[in-house]
Amino acid sequence: MKKLAKWRLFSLITLMALILSGCGKPYLSTLQPAGEVAKSQFDLMVLSTLIMVGVIIIVTIIFLIVLFRFKRKDESIPKQVEGSHKLEIIWTVIPILLLLVLAVPTVLETFKLADVSAMDKKDEEGNTEALVINVRANLYWWEFEYPNEKIVTSQELVVPTDQKVYFNLKSSDVKHSFWIPAVGGKMDTNTDNINKFWLEFDSKGAEAAGELFYGKCAELCGPSHALMDFKVRALPSDDFDQWVATMQGIEEPVQADTAKAQEGQEIFNNSCIVCHAVTPANTTPEAARQAPNLTNFGDRAYVAGILENNEDNIKKWLTDPETVKPANKMTDTYGDLTPEQIDALAAYLSGLKVQK
Numbered sequence: 001m002k003k004l005a006k007w008r009l010f011s012l013i014t015l016m017a018l019i020l021s022g023c024g025k026p027y028l029s030t031l032q033p034a035g036e037v038a039k040s041q042f043d044l045m046v047l048s049t050l051i052m053v054g055v056i057i058i059v060t061i062i063f064l065i066v067l068f069r070f071k072r073k074d075e076s077i078p079k080q081v082e083g084s085h086k087l088e089i090i091w092t093v094i095p096i097l098l099l100l101v102l103a104v105p106t107v108l109e110t111f112k113l114a115d116v117s118a119m120d121k122k123d124e125e126g127n128t129e130a131l132v133i134n135v136r137a138n139l140y141w142w143e144f145e146y147p148n149e150k151i152v153t154s155q156e157l158v159v160p161t162d163q164k165v166y167f168n169l170k171s172s173d174v175k176h177s178f179w180i181p182a183v184g185g186k187m188d189t190n191t192d193n194i195n196k197f198w199l200e201f202d203s204k205g206a207e208a209a210g211e212l213f214y215g216k217c218a219e220l221c222g223p224s225h226a227l228m229d230f231k232v233r234a235l236p237s238d239d240f241d242q243w244v245a246t247m248q249g250i251e252e253p254v255q256a257d258t259a260k261a262q263e264g265q266e267i268f269n270n271s272c273i274v275c276h277a278v279t280p281a282n283t284t285p286e287a288a289r290q291a292p293n294l295t296n297f298g299d300r301a302y303v304a305g306i307l308e309n310n311e312d313n314i315k316k317w318l319t320d321p322e323t324v325k326p327a328n329k330m331t332d333t334y335g336d337l338t339p340e341q342i343d344a345l346a347a348y349l350s351g352l353k354v355q356k
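The numbers in UniProt numbering rise by one with no breaks, and the one at position 116 of the sequence shown is 116.
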């Protein structure tokens with residue numbers, strides 16, 4: 001009875017694991033590719049799956065034929081076969097051919113993804129002709145720098161659709177991994193070297209996703225690894241150019257427009273400004289950028305990358321960031337704020353908008 005109970009428990013756990021493996025959010029799925037890289041990776045997954053399923057079907061058929069056709073019918077000893085050179089050659093050559101079918105397109109696509117030669121082509125002013133974005137991963141937030149455009153932003157990556165976007169990836173502290181499931185990629189960000197690759201954001205996929213893709217850290221990096229999200233706003237080229245022009249036109253912080261927001265701005269300038277910038281210019285040395293840039297905080301879809309951007313969630317984050325993202329750097333630096341100060345600061349942060 002105990003053995004039967006164990007098998008029942010094992011069967012139940014197996015069934016639950018099978019059911020839960022299908023759970024997830026559609027915008028984090030790699031099975032709905034929205035870019036050239038994602039489509040290539042999806043095609044490789046389909047190819048490998050078809051090969052594996054084909055092998056399983058063929059082996060199962062052979063097994064059933066042997067099981068029923070050559071089933072022992074009497075007590076006589078069958079003819080002993082010590083070996084067959086023909087069969088040995090067949091079952092050696094076929095796996096090699098299957099591996100080649102998998103390896104050749106995989107290697108070709110890997111080298112294609114690693115081709116970042118366009119990043120070396122520069123104009124007369126020394127700027128790259130291609131769009132290059134420097135990605136810097138931190139515990140537990142992301143910074144995005146556009147060196148040609150002289151813009152720094154955080155938590156929400158803005159890119160144009162239907163063109164290659166090149167990335168320089170690095171980390172400020174521990175190993176992280178940059179991944180946008182629907183668009184492709186997944187590449188480590190290290191502290192001692194810069195990894196480079198490119199992605200393309202499909203306009204149709206962006207339209208289906210509401211212009212907002214979801215990015216994740218794909219390398220276990222600490223208590224809030226699962227909460228180290230970022231968002232990707234994929235815009236048509238004209239809209240992206242307009243966003244760049246708007247960000248470049250901001251030379252002074254956005255001014256508060258209400259009494260409460262003005263009070264919040266004063267609080268911000270007396271404390272938060274030590275870590276957080278509210279202008280997009282990349283004049284601040286990288287080593288001094290210790291916290292997310294908040295220039296367009298009010299335009300972003302999420303707070304801390306995971307909470308819907310509204311005043312209640314801003315207050316929740318400011319009141320106790322540790323409950324939102326355990327072990328985050330802000331917990332030990334933001335200080336104690338009264339409820340009135342939090343209300344004022346939330347009003348100011350909500351008003352940090354650059355898009356009309």
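Any given hint might turn out to be false.
[Stated by the list, open to error] Mimicking DSS-like on lysine-lysine, the simulated pairs with C-alpha atoms at most 25 Å apart in a straight line are: (1) 204 / 122; (2) 164 / 150; (3) 39 / 186; (4) 216 / 170; (5) 196 / 150; (6) 186 / 196; (7) 39 / 150; (8) 329 / 170.
These are calculated hints, taken from the structure and not from any lab test.
Predicted, not measured: the structure shown is a model, and the values here were computed from it.
Going through the hints against the structure:
no. : hint      : result
1   : 204 / 122 : violated (30 Å)
2   : 164 / 150 : holds (19 Å)
3   : 39 / 186  : holds (14 Å)
4   : 216 / 170 : holds (15 Å)
5   : 196 / 150 : holds (19 Å)
6   : 186 / 196 : holds (11 Å)
7   : 39 / 150  : violated (31 Å)
8   : 329 / 170 : holds (19 Å)
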